[in-house]
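Chemist: Need the complex rebuilt from these two chains, each delivered in its own frame; the hints are there to steer you.
So the protein sequences, as listed, match chains A and B. Here my numbering is used: the first residue of the first sequence is 1, the next is one more, and so on. Here my numbering is used: the first residue of the second sequence is 1, the next is one more, and so on.
It cannot be assumed that every hint is accurate.
[Stated by the list, open to error] With a Cα cut of at most 16 Å, we get these calculated EDC-like pairs of lysine to aspartate or glutamate:
| hint | chain 1 | residue 1 | chain 2 | residue 2 |
| --- | --- | --- | --- | --- |
| 1 | A | Lys560 | A | Asp601 |
| 2 | B | Lys54 | A | Asp645 |
| 3 | A | Lys486 | B | Asp37 |
[Stated by the list, open to error] Quick list of simulated restraints, FRET-style, between CB atoms:
| hint | chain 1 | residue 1 | chain 2 | residue 2 | range |
| --- | --- | --- | --- | --- | --- |
| 4 | B | Gln204 | A | Trp591 | 47 to 55 Å |
| 5 | B | Gly74 | A | Lys486 | 19 to 27 Å |
| 6 | A | Thr719 | B | Gln204 | 45 to 53 Å |
| 7 | A | Arg790 | B | Thr215 | 46 to 54 Å |
| 8 | A | Thr254 | B | Gly45 | 51 to 59 Å |
Note that these hints are calculated values from the structure, not bench results. Please read these numbers as outputs of a predicted model, since none were measured by experiment. Backbone N, C-alpha and C fix where the C-beta goes; we use that ideal spot for every residue, glycine too.
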Amino acid sequence: MKILLKGVLFFLLFLPMISIAQSTVSGTVVDATGQMPIPGVNVLVEGTTNGTTTDFDGKYTLNGVTDGATLSFSYLGFRTQNIPITGQTNLDVTLTEDAAELDAVVVVGYGTTTKKDLTGSVSLLGEKDFNKGNNVTAENLLNGRVAGLTINTGGSPGAGSEIRIRGGASLNASNNPLIVIDGLPINNVANGGRSVLSSINPADIESFSVLKDASAAAIYGNRGANGVIIITTKKGKQGLKVNLDSQTSVARLTDKIDIFNASDYRSLINERFPERTNFLGTANTDWQDAIYQDAFSSQHNLSVSGNLTENLPARLSIGRADQEGLRKTSSFERTTTALSLNPRFFDGTLKIDFNANMSWERNRFAPGVEGGAFQFNPTQPIYDPNSRYGGYYEYTDANGIALGNVPRNPVAQLMQTQDIASVRRYYGNFKVDYKLPFYEPLRAVVNLGLDNSESDRFYEIDRNSALGTNALEGEELGVRSDTDYKSSNRLLDAYLVHTKAFGDFNTEVTAGYSYQIFENQNFTTGNVRDPNAAPPELTLDPDVVLLAYFARGNFNYKQKYFLSASIRRDGTSRFGESERFGYFPAVSGAWQLSDEDFLKDSNTLSLLKIRAGYGITGQQDIGSAYDYLARYGLGNTISQYQFGDQYYNIGQPFYRNAGIKWEEITEYNLGLDYGFFNGKLSGSLDFFRKESDDLLSQAPVPDGVNFSNQGFQNIGKFTTQGIEFVVDYNLASTDDFNWNVNYNLTYIDREINRLAFGQDILVQGISGGTGNTIAVHREGYAPFSFFTYRQLYDTAGNPIEGAYVDVNGDGILNDDDKYISGNGRADVTMGFQSSMNYKNWDFSFNLRASFGNDIYNNVNSGSAQYANVYRTVLNNVPTQVLESNFQNTPDVLVSDYYIENADFLRMDNLTLGYTFDEDKMGKGTLRLWTGVQNVFVITDYSGIDPEITNNGVDNTIFPRGRTFLFGLNYGF
Amino acid sequence: MDFKLKNMLKLKTFAAALLLGGALISCESDLDVTPQDDDELLADGFFETEGAYKQALAGVYANLSLTSINDPGGSNIAGLDAGTGQYIRGLFNLENLSTDEVIWTYENDPGLRGMQRNTWSSDNPLILGVFARASYEIALSNEFLRQTTSEMLNSRGVSGELASEIETYRAEVRVLRALANYHLLDLFGKAPNVTENDAVGFDQVGEIAGTELYTYIVTELTEALPNLVEARQNEYARVDQGVANMLLAKLYLNSEVYTGTPRYAECISVCENLIGSGYSLTPDYLYNFMADNNTNGAQNEIIFPVVNDGSNTQNYGGTTIIIQGEVGVPENNGESLGVNPGGFGGLFRVRPEFARLFTENPLYINDARNTLITQDRPIEIDNVGNTAEGYLITKFSNRTSDGGFGSDRTFTDTDYPLFRYADVLLMYAEAVLRGGGGSESLALDYVNDIRERAFGDTSGNIIQSQLTLDFLLDERSRELYWESHRRQDLIRFGVYTGSDYLWSYKGGPQSGTSIPDYRKLFPVPNQSLSSNSNLTQNTGY
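The shape of chain B in the complex, shown without the other chains (with noise of 0.2 Å):
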């Protein structure tokens, strides 16, 4: 009896003891946990190594290139494939595929049809890839403008050396910045008005067009040029002076199109700004889009690359869908280009429109720029979905200068050429015809530069008289096919919609038909337009 008392006041203790443990357990700030793996990391814990700032700035750039931050099937923005929604595969939809040069085999995939025949509307997947893409790349931007304040930086001690390099890196990033609201701008008109000084978060912040967007990019670049390296001095595939320069000469060049005020005086002057900066033609033009064309001499003629890498950059965008896209079915012709033989099983034909470039003059049959393949092949596409039908195009390549391979087979090591030399020449020819002054006689040596370079010899050289802008216009296209000018070329030049200029699907049908001009424009996709009630619609949508 008394070892049984004794026992239930051991109990009671027992019992007070478990409650009394339960009590002590129920410490609420439990529920504050912090993340623990070591890639991932609160904003302040990740600032807090000093070589932070520059992942940060490889983080900005990396998306012109990367479509997440660990996995290339993975997509940190949403409501399209993965691939589909990387910088330079949209850029390249939406810039070449929705004209002569291209076609995509498989119309299946949400979005091509609409994109290749001009009939797109505004629920179009593709369309809301490249206005989410660059509207990330502009919070990107916003954000690593944020934390790199100097009131931020002071608050984390970061001073000195590391300071003073993090004002260029700012530099850089509002550069980048300035590059995606120009492909706004040049696709969309406009823009979501968000610069760094707008929290982060659900915001609906007012749209900036037209002038007003095209004058703050301007204003953008122009105030960065100073605290930019100068031309060709920075580390490759990082902005200096000479890719803010080019991308004022593509603004001051489209400036009609944009304000509807030319501007070719100003092209002129910073296309001069550019030939006097060191660039180079590298000798063989397709050295421009080898495995190695950071090494190989390209790297001179190339202003912005975005880099693609087989073993450390890989995407499913980039040039690893252009090369994969070139291999020919049932050509199986991957090898050549340094991929899986079968590459994406025919992905991509050329239009005969673009294949005439090259085909109905046989003088272009020593161009080098002319990387047709027409064997056995109709230079005609019937059925888009008959991979045997059009010719194909070996320009982009995973194979090196020296006849190697890149370091993988299904991811590229190709960097994209998204500015090229090439264009600051053909530019300045293009603006000294439009009246902008300049010198024609060396717009003609400038052309000529570049159709030596494509013969080797001078045996496609051309005379003033031979100087025009129709000549111009087809010259843009054989230099810089794919490379993501077309559409923008197209419009400038008054013939990418309305029906002085039909190619094949252009507007649905084989024979192709007018497009109207409100499809100058891609229209805001829907669901940014819906989550944003003060972006409005373009006309005609």
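Only chain A is shown next, with the shape it has when bound in the complex (with noise of 0.2 Å):
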């Protein structure tokens, strides 16, 4: 690494030593149908790195061009133009859109291509693409707009998100794609951030490659089973230009879970629990209310990008996020700075990129309190002067001190809990690309990675809180711990790239090595107040070691015959020295059917691409690694045992499978491009067959002859088959006027085709009793199916509590009745999107949808019954109640009574903007905006949200709100 820094430093000693001279020119870009300037296009002499960038007016100015060499210009989404120079200074040019984007370079693993040259399934995304509104995290910019990708996040500022590529592969292994930023693979770990990408500010983001096939990700070997997410970060261009870009946002709730309100629950007192009365209070209380606030939120990014030499562009930024939450006390606070060099040497034939990123983020988490809202009692008070507990009301005896399980003031809860990780992580790379000079074809590639994160949790719940140590007791000592988080990412990957045309036939060749280490420690305390509590503990984490050879080609006939082969040779430290290694390799092909002659001229179908790929990924990423070793754990001083007078640390084996190794999975891709009337609609088709095989499952082991019951075996296999569609139409394209819409959708079918000796293994937790689960894997159906009881009704159509069918009909009703009665996820979703331009206005929205998604309300099967208004002290219910009138929870937990559809249609974002343009403004340009999100939901789910996770169980969420924005966007 030393050597490494001095020869950076060498070469930037060196760096005013290049320089040459020649004529100068200048010009306007414009596009075609607006013959609006375009900004930021990209002015290239070819095959030099003598370049600049348009201003915002469109214009450029180029100096050293020689007389004979050819200005390329550039901008995602239009055509190149590419025009030799024979002594004109002064070029005006005027570039096409281009709706299928044939020459926007896409990013790939170990390179880059171009989407023409494309074999596999993958979806670019460029800025302008980028989803619209208050986006504090980079997912969020994806949402709805790749066919195949599902991102559903979560209600609380700055939250993560479940991202599925085509379903995910795994049963019980991560589910989650590899991201890779600017050629480093992140880790999975948050440790005290929101999230993996909740550090990453969007407003660095230039496009995101997601690469969803097989043939795509194998070059990710075993870490590609989920597909790989590859974000590129903005790099430093030549010409200044400065971007200042602010919002603020308020958002409100939406929904609430309908239970009786203060009045009406005193009439349901009255009538069905007259000997209860006297547990009524004299106060009315929302407690919905009282634990939600309006959450108010602003973003500030500014960046500048120029050169600081002649050779050296640069990209410096800021940004700054503070977001509530509804929740009350939740909040986010990121600041963020990333500094990009990219200087460029020898014409261009050495590429250096240097990006570091810092950020730091301060995340004050509220706890969960909806389940205590919506069950406490409403005509009870938040407030009770003569409260020992910080003046809040609580359930008390008579001496005043707390009771045993009742439910808990929640805004006490939320008031008395700190909560507060702060995360400092800083990552990036630095990349040299070196074209040999003494062997043209041949291109070395170095890349070094580093992510490192560290973070510290406060944890604290006020000595006055009926929450904490002994409050029960009257002794009241609160709860208190700290944890620290560190982690470290450290990457090396060297390939060499062969590129080199014979006759029609062009070949790329990449061979390179990878290697990674990650490491990971956490130190907690424990709670420090407790005398009996766990002791301080750190943490070290086996290092995971991951290494790899790869290679691949990429071969083209005529730019009409294209075939890219790959292989990867992977190695983890995750397994024993006899399975660690495996090969993955992958083959693709595309044709362009429509550069052959008979529809080469053809202007209606002006694109047809077909494509075919197979390839081999695999799964490291199991919960429980290190499984191969035979290894001993050391209990700590809770977990003792007593000889005589003392207590021993106890030694245990753990569970212990020597042969433990990677899920592999094998896709199958079949896809289609196509445009009509000069790419004025363009889209693609995709079919795709994934089979996940040697599965890591939790699976039962003989009893006896190991260190537990259960435990990762490679045993079990699913099949995901899919249809991903895309089209994108130009509606409207005039000077004044632009309308532009996107569709896509997606069809996912997810079958279980074995389990380890083919039991059904029972999943997903639910309240409402210790240990009860809701769903099964079960062979021939889709993983996570809910698994329940299926109701009988009355004549009358209501049902009758307690009562099922007896499906196998032998006279018992037990476990052997259940049935499979739905599932949580999709089978079908879509993305809907329209951008519109009218003169200086501006104005898009996104609309997503599902369907054939089910979820199970656990929120009405956990409480929905009379027998929980009576629990010690009065409890409030869901209203549903009074629809199924039942009785018991045990009797009605686990009917499909509480499985419902939740098809759902969602408005995201709605955006209205207006342009100063610089005629107006005298320097640069100044866009207003202002926007709604999360503007309609349209479903049956009777719950506040019918999009949740937790494989469609509904446990109360934090709620998503409707967030107002106005925004604002200068630059020069």
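Modeler: This is how it looks when you write it as structure tokens:
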């Protein structure tokens, strides 16, 4: 590393040595439809790094252009124009929009390609495609935009998301896609942050590449199973450019759980529980209102890019995000800074990219009090001047000491809990890409990456809280703990790229090596106020080392017939010596039919390309790594055993599986890219089939021969099949009016083919009893299928409490009578986006829909029964009880009565903007905009939000608000 | 130009160095990682320290109490909630909850309804938990025996005093393994046939059942006995000859159930041995079930305790669930039992049939074993979920004999008396009545010893003619309720199944109904059957 740094310094010293002087070319670049100037167009002397970008008036000036050189004008979303220079000094250029974006550069693993050359299933999203609005985390720029990619973001500020590409590939191991930032695969550990992506400023992102099928992802070997999302950050460009982006927003609660209000509740008690009326209070409290607030947020980003010296483009940005959550006290604050230095030497043959990002995140987590809020007696007050618990009302005994087994005041719980995590993270990479002077076709690339994060989490429950340690004994200690996390991730990639054309036969071969090491540790004090709590504990995870050799060849003939093949030999320290290496091959091909003579001149069918791919990827990220080692664990002080007068720390062996290995995913993809009317209408259609084999499953072990009755084993198989369809239509394209719409549809069908010993695996815990589950993995069905009794109804259509269909007809109603009654995953998801410009106005909105997804309404199933009204004290219950008339939770908890259809259509955002151009502004342009996020949801689901994670079990969520935004963007 | 060339050369060197650097780091041996945490060691590393052997021994014992190595909420067996999978709690569920002694309020907890209404299926998680937990005890024992062979000890340079001490550890571990096998025999009639000679992994070992299993356990105990410390001479909570003999006595007493062959004479002989080993009834019955029962004198009566400790041995089973579960709602009498006022929300009540053992005859008002709380409570339980119905008990407590509290209000200090001397006296009497020989007058004396301790005087004493098997069945329940004996006793007395004795919710309905004979054994859990095709299901399931 030291040597490397010296090398870098050495080069920086010699930077000014390189200079050439020739003639100057200048001009304006406008778009063909609107004749509007396009800022930010890349202007480059082909074969060199001499280039610039257009300013906000679309103007450029480029020095050092030699006669006979070719100038290339490129801009994402437009067809690149190459114009030879024959003495012109003024060159105005018109760019045509290219809906299919065939020349767009697509970042793939260890290299780039163009959309035209793609053979696998890869989606590219540049800045202009990003979702608008209040997007605090990177993945929300993508939500609903990519067929086959689903993103389900929580409601808390800065919340993380459940991200799935083609539904994921695993049952028990991770289903998260691999995320790669500027070539650095990042670790999937949040460690006190809201999520792995929450420390990244979305404003620093230039593009996403989503590698969906195995033929594209196999280059990432045993980490490619769930697809790959490659994030490329913004780089320095020629020409000074300053951009300020600011927005503020306010979010409001949209819906609440339907429970009895204070007066209805009084009637309920008087009617049904007349012997309990003495428990009624005199207050009228809406506990749900009491725990929520209007949440204000703002985001500000400032970036400057330009060249520091002639050959040193650079970009610097700072960003700040402040978000409040709807749930009181929750907040998210983030400060980021990103520096990118991108020097080019020796006529562009040596490219160096240095990206350094720093981020500081401060999260205050609010405890989940939704359950408490809907249960707490609405006739009781929030505050009680006589309360020893900080003035908050609590249920107490005659001495004023809090009772056990009763709900706690949810407002007190929020206000008396401080759970604050501060995260410092720095990540970046240093990449050298050198075209070897002695052998022109060969490039050597070395990429060094680093991602370090440190965080500390402070947790305290006030001493005067009824939730604290020993509070029930009248000795109030509260709770206090600190947790520190440290993680680091270091990468070295080194590869050679050989590019050569043999006549019409073009080849590009890449071969290289990758080494990555992850270290992780945490220290927790435990609850220092509890004399009998677990002691402070430092946990050092074993290092995870990943090491790989890879090679890829891209070939095409006449840019019509494409073939790509790759292989990776991948090793992981998570598995034993005999199993740790695997080969992950992929091959794919494409045929650009539209370039064949019989279609070449057709303007109607302007693009037709058929793609086919096959690949094998793996999954090595399993929950319990190192099962292959014969390990012993030493117990802590609360888990000792007594001999005589002494307590001994116990030593016990851990579950062992010497043969554990990666999951293997084989995927076939058949795709079609099309374009009509010169690209006015374009899109793609993909069919895929994924077979996940050797699934790491938490499977039963023969009793007595191992150190558990279940453990991770490579047993199991499931298949995912699907269709993805995308269409992009440029409805209008005139001087004043532009309208573009985009629609995507994904159909996914998942089925478990094989489980260990054919055994059902009961999964997905629910509330209402200890250890209940509601779902099952069963051969022949989708994972996490709801597994319930079938409710019987009387002639009037009302459910009969505790009466179910004797499914197997044996006269006994027991576990054998459960059946599969639904699934939380959607069969079909859709996204729709419309963006419109009229003169200086712009207007856009996004819709997202989901069909075939069910929800088990655990809020109702666990609470909406009359027997829950009186438990030591009076509790509120959902008004759904009026419909069911159910008495006892145990009798109805696992009924299909609580499975609901949760199809939905949601408008994610709506944005309206106006741009003041330079004529009015004098200098620079200013765009003012306003918008609404989470505009509406249409659904039959009776709970507060049909979009939940948790495999379709709704057990209260952090609600998503409706957000109203106002923003401005100023640049020159 | 010259400069540029030089630059180029340097650059080439640099690029080459970078690539070379890459090649150098490509050390594939980096993939051999070792645990770095001080709490996680490779087996060989663990046994490097001399103290490790006792820690590993503690590990084998601890499985009777703990569910994981560092967290009462965690579990090293899967398929059910951590606390529910605790050894003693599992035993209590199968031996007591499936009988007339107790009822569990929350039938929405998985498996509970089937257990307490005797309608369990082979998917019942409580049954899975017990089969897995006992088998895990066998696996831990086998691992200990593998790691402590003389070859292993020699290779690690262990010799002298430690080596001979380890010899004793090994004998203790064989008894613990026999204990687990005994529980499997009693509850399932069979066990996985696995010893220290089998490999760790996934072998589908055969099963050992009935007489064969019985003989194996008896042989193991007999072989271990000479290497064990004499009764009452080992450290507290460790196995001694008394524990091994107690197990033998239990096996002999139930031999007719297990093998078809009665062995009451052998039972009497082992009981005599135990009676001569220096155990004594602690003067106050309730001292056996208090937070300081390891020091208050009860240690002279308790033959084998399973340790619980609020600070050092935390788990959600054992006496923690029992004491927390005893707390009544609406009484909120947790304080008097040494736990939080509300306990676990009125988890347990006793069924009316058990309560009547103390209430039908006014004599038992003065019985120290009668801990019923009856005030404002109906004896009948019409609605299982209604915590206000049915009587409570207060037998187990987290208060100490001098009125103090245990070290924690959630996790209790009270050790669970798995085997108690009073049981030896009752076993002796029963074996005599069942024709095993011995002395009828001694049998009466022993029973009256227990009665005198219970009543504080001779007012509860019985005469020879009152000493019948029917009396003994009731007396055993009065003396040993909630100590994981009841199901075994009811089976031995032939009234667990069938319709001769119906108790509330037996077989399902409140009035009780007959249950078929095959339910004397629990089914082998489906999961265990599926992962080991060499196990067979019990008849009827």
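Chemist: Now, for every hint given, state plainly whether the structure supports it.
Modeler: Taking the hints in turn, this is what the structure says about them:
1. Lys560(A) <-> Asp601(A): 15 Å, holds
2. Lys54(B) <-> Asp645(A): The given pair, whose Cα atoms are some 14 Å apart, holds under the 16 Å limit.
3. Lys486(A) <-> Asp37(B): 14 Å, holds
4. Gln204(B) <-> Trp591(A): 47 to 55 Å: The hinted range 47 to 55 Å holds for Gln204(B) and Trp591(A), with Cβ atoms some 52 Å apart.
5. Gly74(B) <-> Lys486(A): 19 to 27 Å: Given range 19 to 27 Å: holds, Cβ gap about 23 Å.
6. Thr719(A) <-> Gln204(B): 45 to 53 Å: 28 Å, violated
7. Arg790(A) <-> Thr215(B): 46 to 54 Å: Hint holds: Cβ distance 48 Å, inside 46 to 54 Å.
8. Thr254(A) <-> Gly45(B): 51 to 59 Å: Since the Cβ atoms of Thr254(A) and Gly45(B) sit about 56 Å apart, the hinted range of 51 to 59 Å holds.
The structure fails to meet hint 6 from the earlier list, while all remaining hints are met.
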